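Asker: Counting from 1, one number per residue, gives the positions in the sequence shown under the UniProt record's numbering.
Rather than coming from a laboratory, the hints here were simulated on the basis of the structure.
It should be emphasised that the depicted structure is a prediction, and the values quoted were computed from it without experimental measurement.
Don't take every hint at face value.
What the hints assert, rightly or not - Below, in silico cross-link-like pairs of lysine-lysine (DSS-like), each with a Cα-Cα straight-line distance of 27 Å or less: (1) Lys436 with Lys559; (2) Lys436 with Lys512; (3) Lys609 with Lys702.
As the list claims (entries may be wrong) - Label pairs and their in silico Cβ distance ranges: (4) Asp174 with Glu305: 30 to 38 Å; (5) Pro663 with Glu370: 47 to 55 Å; (6) Arg299 with Arg351: 36 to 44 Å; (7) Lys702 with Leu323: 25 to 33 Å; (8) Lys801 with Glu844: 20 to 28 Å; (9) Ser99 with Ser256: 23 to 31 Å; (10) Thr395 with His170: 52 to 60 Å; (11) Glu844 with Asp670: 39 to 47 Å; (12) Gln119 with Glu295: 53 to 61 Å; (13) Val880 with Pro73: 43 to 51 Å; (14) Thr203 with Val248: 17 to 25 Å; (15) Gln536 with Ser658: 19 to 27 Å; (16) Gly873 with Pro77: 34 to 42 Å.
Heads up, the beta-carbon is just placed ideally off N, CA and C, and yes, glycines get one too.
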Amino acid sequence: MPTITNLRFEHYHAPNTLGVQETRPRLSWRFQNAPASFQQAGYEVELSQQIFSSNSTSTSTFRVNSPSARLVPWPDPQPLQSRQRISARVRAWDATGESTAWSDPASLEAGLLSRSEWQCDRIAAPWGPGTLAADPEQLYRKEFSASAPVAQARLYITAQGVYEADINGHRVGDHFLAPGWTTYDSRLQYQTYDVTEFLSTGTNCIGVRVAEGWFSGRIGFEGGHRNIWGPHTALLAQLEIVYADGDVERVVTDGSWTVTKGPIQKGEIYDGEKYDARLEIEKWSSVGCVDGKWEAVLRMDPLPEVVELTAGYGEPVRRIEVLSPVKKLVTPSGKLVLDFGQNLVGYVRLRNIRGPRGHRITLSHAEVLEKEELCTRPLRICQAVDEYTLRGDPTGEEYEPRFTFHGFRYAQVDGWTSDIDLEASAEAVVCHTDMKPSGSFSCSDPLLNKLYQNIEWGMRGNFLSVPTDCPQRDERLGWSGDLALFAPTATLIYDCFGMLRNWLIDVEHDQKVLDGVPAMVTPNATLPDPIWCRRQPCAIWHDVTILAPWALYQETGDKNILRQQYDSMTTWMETLPRNKTGATHLWDTSIFQLGDWLDPAAPPSAPWKGLTDAKMVSNAFLIHSLDLISLISSILDHPTAAKDYSNDATLAREQFQSEYVTPNGRIASDSQAAYTLAITFDLLTPAQRIRAGSRLVELVRKNNFHIGTGFAGTPFLCEALLRTGHVQVAYAMLTEKTCPSWLYPVTMGATTVWERWDSMLPDGSINPGEMTSFNHYAFGAIARFLYERVAGLERVEAGWKRCRVRPAIGGDIRSARAQHETPFGVVSCACETRKGDGVEDRVEIEVCVPYGVVCEVVIPEGEGERTEVVGAGEWQFHGVFRRDYEWPVKPLPPKS
1 MPTITNLRFE HYHAPNTLGV QETRPRLSWR FQNAPASFQQ AGYEVELSQQ IFSSNSTSTS
61 TFRVNSPSAR LVPWPDPQPL QSRQRISARV RAWDATGEST AWSDPASLEA GLLSRSEWQC
121 DRIAAPWGPG TLAADPEQLY RKEFSASAPV AQARLYITAQ GVYEADINGH RVGDHFLAPG
181 WTTYDSRLQY QTYDVTEFLS TGTNCIGVRV AEGWFSGRIG FEGGHRNIWG PHTALLAQLE
241 IVYADGDVER VVTDGSWTVT KGPIQKGEIY DGEKYDARLE IEKWSSVGCV DGKWEAVLRM
301 DPLPEVVELT AGYGEPVRRI EVLSPVKKLV TPSGKLVLDF GQNLVGYVRL RNIRGPRGHR
361 ITLSHAEVLE KEELCTRPLR ICQAVDEYTL RGDPTGEEYE PRFTFHGFRY AQVDGWTSDI
421 DLEASAEAVV CHTDMKPSGS FSCSDPLLNK LYQNIEWGMR GNFLSVPTDC PQRDERLGWS
481 GDLALFAPTA TLIYDCFGML RNWLIDVEHD QKVLDGVPAM VTPNATLPDP IWCRRQPCAI
541 WHDVTILAPW ALYQETGDKN ILRQQYDSMT TWMETLPRNK TGATHLWDTS IFQLGDWLDP
601 AAPPSAPWKG LTDAKMVSNA FLIHSLDLIS LISSILDHPT AAKDYSNDAT LAREQFQSEY
661 VTPNGRIASD SQAAYTLAIT FDLLTPAQRI RAGSRLVELV RKNNFHIGTG FAGTPFLCEA
721 LLRTGHVQVA YAMLTEKTCP SWLYPVTMGA TTVWERWDSM LPDGSINPGE MTSFNHYAFG
781 AIARFLYERV AGLERVEAGW KRCRVRPAIG GDIRSARAQH ETPFGVVSCA CETRKGDGVE
841 DRVEIEVCVP YGVVCEVVIP EGEGERTEVV GAGEWQFHGV FRRDYEWPVK PLPPKS
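With these hints in hand, go ahead and build the complete structure from the sequences.
Answerer: Here you go:
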C-alpha cells in the first residue's frame with residue numbers, strides 16, 4: 001500500500017498554521033509509492049482537539065467514501081472555535097478494503113475569530129496625535145506577574161504601523177515588517193505567537209517597538225502623503241496565559257502600559273532608517289528598573305467596527321537569506337561601495353562597528369552604478385539611506401534596520417572607521433514574503449538559465465507583503481496591471497496562493513470604495529491624491545479582478561478563490577463602460593487607456609504612446625475577460641450568467657472584427673502586440689489566424705527579431721508565434737541578445753528583470769526617463785513560455801489533474817528540463833536532442849508523474865507526432881524529428 005504524505009490544511013504551509021482565520025479548514029494529502037493499481041475508494045480522518053484552558057483532548061474519527069484527496073471538506077459538523085487547536089491524521093483504503101497506515105499528524109490552531117475575543121485597548125504614545133513629521137519609534141512596555149507555572153501562552157498582537165515584540169528581552173517571532181500591508185481602513189492583520197518558553201513564574205515584562213511603516217509613513221508619488229490611513233501609530237496586544245491548573249490570565253494593552261521614544265529616530269519605507277545607539281535603553285524589555293523618560297500611554301477609541309481584525313491568509317514577510325559582498329569598490333570620487341553581486345530587496349547588516357561615540361555611518365543604496373558612481377537618480381524622491389550613530393563601544397557594535405527595506409545591489413558606506421575590513425563586516429539580508437518555491441527550469445543555453453534566475457529574483461523582491469511594481473524608488477505599490485499579466489507565471493515559480501488571495505480581498509475593498517472601479521494600486525495609497533487616484537476604468541489593470549483569481553484557480557483547482565472574488569468580477573464587468581454610440585459591446589471610446597504600456601517604441605517620457613492602438617488592446621482584453629468570466633460562471637454553477645457573458649463575448653468578437661480586422665486577417669494596428677493578442681485571445685477566424693501569424697512573422701523579421709511589445713503583448717508574443725507554427729521565429733526572438741530583447745539585460749549584467757527594455761543603454765548610461773527600474777517583474781512573464789514550450793511542461797486541467805509534456809524543439813537548445821510542485825506532488829520532464837545518423841535527429845524525453853495526475857506525452861515522429869498517455873511513475877520516450885525547427889508542423893489549436 002502507498003504512504004500518505006504532506007497532509008495539510010487549506011493552502012497553509014508549516015509553520016504558518018498558528019492562529020489562522022479558519023473555522024472549517026479543508027484537508028489535502030498526497031500518496032507516495034502508490035502502485036499503478038491503487039485507487040483510493042475512501043478515507044478516514046482522525047481529529048484530536050485540544051480544549052482551550054485545558055490539557056485534555058478529545059478524539060473523533062470520520063469515515064468518508066470518496067476518491068478525493070484534495071481539499072476535502074472539513075469532516076466535523078462543528079466548526080472550529082477561537083483558540084481551538086486540532087491535530088489531524090488520515091488513512092485511506094482501496095476498493096478491496098485494504099488500508100494505508102495513518103499519516104503523520106498535521107496541526108492547526110484557530111486565532112481570535114471574533115472581535116468580541118479582543119479585550120485589549122488600542123493604545124498610542126501621548127505625543128502621537130500632534131505628530132506631523134516623521135516620528136521616532138515608540139517603545140511600549142508592561143511588567144506583569146505569572147502566579148504559577150505556565151502551561152501555554154499565546155501573544156495576539158498587531159499595530160497600526162509596523163512592530164517587533166520582545167518578552168523578557170527575547171525577540172518574539174521572526175516576522176519582518178509585521179503586521180504587513182493591507183487596506184487598513186478595511187482589514188488590519190494580527191499575528192499569533194507561541195510565547196510559552198519566554199515566560200517564567202514570577203515577574204515578567206513584555207515590550208513592543210512600533211514605527212510608522214505603510215500606515216502613517218510617507219507613501220506615494222511626487223513626495224507622496226503621510227498619514228493616509230491614520231494620523232499616528234497605535235498598538236493592540238493581548239497575551240493569554242494558561243496555567244497548569246487550567247486558569248487563564250490575560251495581559252492586555254491598556255492604560256497601565258508606558259511608552260518612550262526609542263533609538264530609531266526615523267523609520268521610513270522610502271527614506272530609510274536613522275538609528276542613534278546613544279539613545280538605546282538597556283534591557284528596556286526586561287524586568288527591573290529601566291532608564292529613560294517613560295510616560296503613560298494614551299488609550300484610544302476602539303477600532304471602528306468596519307475594520308476587521310483578521311489573521312489574513314498570506315505568509316509573513318521574513319528575512320530569507322544572507323548574501324556576502326562579492327567586491328569592494330572605490331569610486332572615482334573616493335566613495336566606498338560594496339557590490340553584493342545581486343539586485344535584491346532587504347537591507348545591509350553591519351558587524352564589528354568601531355568608532356567614537358557620536359560618529360555616524362551611512363549606508364546609501366542603489367541598483368546600478370553610472371560612471372562608476374552610485375546611481376540614485378532612478379530613486380526619484382526616495383533617499384534609501386540608513387544612518388547609524390555609534391554609542392562608542394570599544395568592543396564593537398552591530399546594526400541592522402528593523403523598519404525599512406531597500407532595492408539594491410550596491411551599498412555606499414560612508415564613515416567606516418573600524419580596523420576590521422568592511423567586506424568581512426557587512427552582509428545583505430534578503431527579505432520577502434515567505435513563499436514556498438514551486439518550480440524550476442534549466443536548459444542548455446546559459447543565458448536563458450540566467451534569464452530565468454533573474455525572473456525568480458525579480459518576483460522575490462516584488463512579492464513583499466503585496467505584489468509591488470518595484471522595490472527601490474518612491475513607489476513600491478501594489479499595481480494591479482502588473483500582477484494581472486504576471487499571475488500565471490508567478491504560480492509556476494512560487495506557491496503564492498495565500499498571499500494573492502489575501503491581496504485580492506483588499507482589491508475588492510478598494511473597488512467598493514471607488515464605486516465599482518478597482519484601484520490602480522492596492523492598498524490604494526493614491527486615494528488622497530485626485531491626480532494619481534485614477535477613478536476612470538482601465539483595461540488590463542482592472543481586469544486583474546478576473547485574471548488573477550483565474551490564474552490561482554488554474555494552478556490549484558480550488559473553486560473557492562473564484563467564489564471569493566466572483567462579486568468583484570461581476571461588479572467590474574457591470575461597471576466597465578461600453579460604447580453607447582456604436583458597438584455597445586466594446587469599450588467606450590472616450591476612455592483614456594494605457595494600452596501596451598512600455599512598448600519599446602514609446603518615448604521615455606510617455607510610456608503609453610506605443611505603436612498599438614490602446615483602444616484595440618483594451619477591447620482584446622475585454623473579450624478575454626468575458627470569455628473567462630463565462631467559464632467561471634459555469635464552474636460556479638451560474639448557468640444564466642455564463643450564457644449571458646458568452647453571448648456578450650460573441651457579439652464583442654464580431655464587433656472587434658468589424659472594427660479592427662480585414663477579412664484576410666490584417667489588423668488595423670499593424671504591430672507585434674496587435675497580432676499577438678488577436679492570436680492568443682482567439683479573436684480571428686481560422687483563415688485570418690494563418691494570415692495573422694504570417695504577418696506577425698513579417699513584423700518580427702523586419703524588426704530583426706527584436707521585441708516590439710510592452711506590458712500587454714509581451715507575455716503572449718512567443719506563444720502567438722508558436723501557436724501559428726513559427727517555432728524557429730519564436731526561438732530567434734527568445735535568444736536575441738541586442739536591445740530590445742529578453743537577453744539584452746542579461747548581457748548587460750542584469751540580475752533581475754528591468755522595467756524598460758533599455759533601462760540601461762548599451763554604453764552603460766541609465767535611461768533618461770523618470771520611470772526607470774531595474775527590478776520589475778512584468779516582462780518576466782516569459783518564464784511561462786520557458787516552462788510550457790522550451791521544456792514542454794504544461795498544465796492541461798485546473799489543479800494539474802491532467803498535464804502535457806510537449807517540448808517545442810527549436811533554436812540551438814539541445815536540452816531543457818522543468819519541474820513543478822503540483823497539488824499532487826512534483827511533476828517533471830527533461831528533453832534532450834541528439835544528432836542522428838541520417839536526416840533525422842533523435843529526441844529523448846523523461847517524465848516523472850505523481851499519483852493522481854494523468855500526463856499526455858507528445859513525442860515527435862518524423863514530420864508528425866504521437867501521443868502517449870501515462871499515469872504515476874517515471875517514464876522514458878524516444879522519438880525522431882527533422883531539424884527544420886518547425887516541429888510541430890501543424891499549428892497548435894487555440895488555447896483555452
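Asker: None of the hints should be skipped; say for each whether it holds.
Answerer: Against the structure, the hints come out as follows:
no.: 1; hint: Lys436 with Lys559; result: 21 Å, holds
no.: 2; hint: Lys436 with Lys512; result: 32 Å, violated
no.: 3; hint: Lys609 with Lys702; result: 21 Å, holds
no.: 4; hint: Asp174 with Glu305: 30 to 38 Å; result: 32 Å, holds
no.: 5; hint: Pro663 with Glu370: 47 to 55 Å; result: 52 Å, holds
no.: 6; hint: Arg299 with Arg351: 36 to 44 Å; result: 41 Å, holds
no.: 7; hint: Lys702 with Leu323: 25 to 33 Å; result: 43 Å, violated
no.: 8; hint: Lys801 with Glu844: 20 to 28 Å; result: 27 Å, holds
no.: 9; hint: Ser99 with Ser256: 23 to 31 Å; result: 56 Å, violated
no.: 10; hint: Thr395 with His170: 52 to 60 Å; result: 22 Å, violated
no.: 11; hint: Glu844 with Asp670: 39 to 47 Å; result: 42 Å, holds
no.: 12; hint: Gln119 with Glu295: 53 to 61 Å; result: 24 Å, violated
no.: 13; hint: Val880 with Pro73: 43 to 51 Å; result: 49 Å, holds
no.: 14; hint: Thr203 with Val248: 17 to 25 Å; result: 19 Å, holds
no.: 15; hint: Gln536 with Ser658: 19 to 27 Å; result: 26 Å, holds
no.: 16; hint: Gly873 with Pro77: 34 to 42 Å; result: 39 Å, holds
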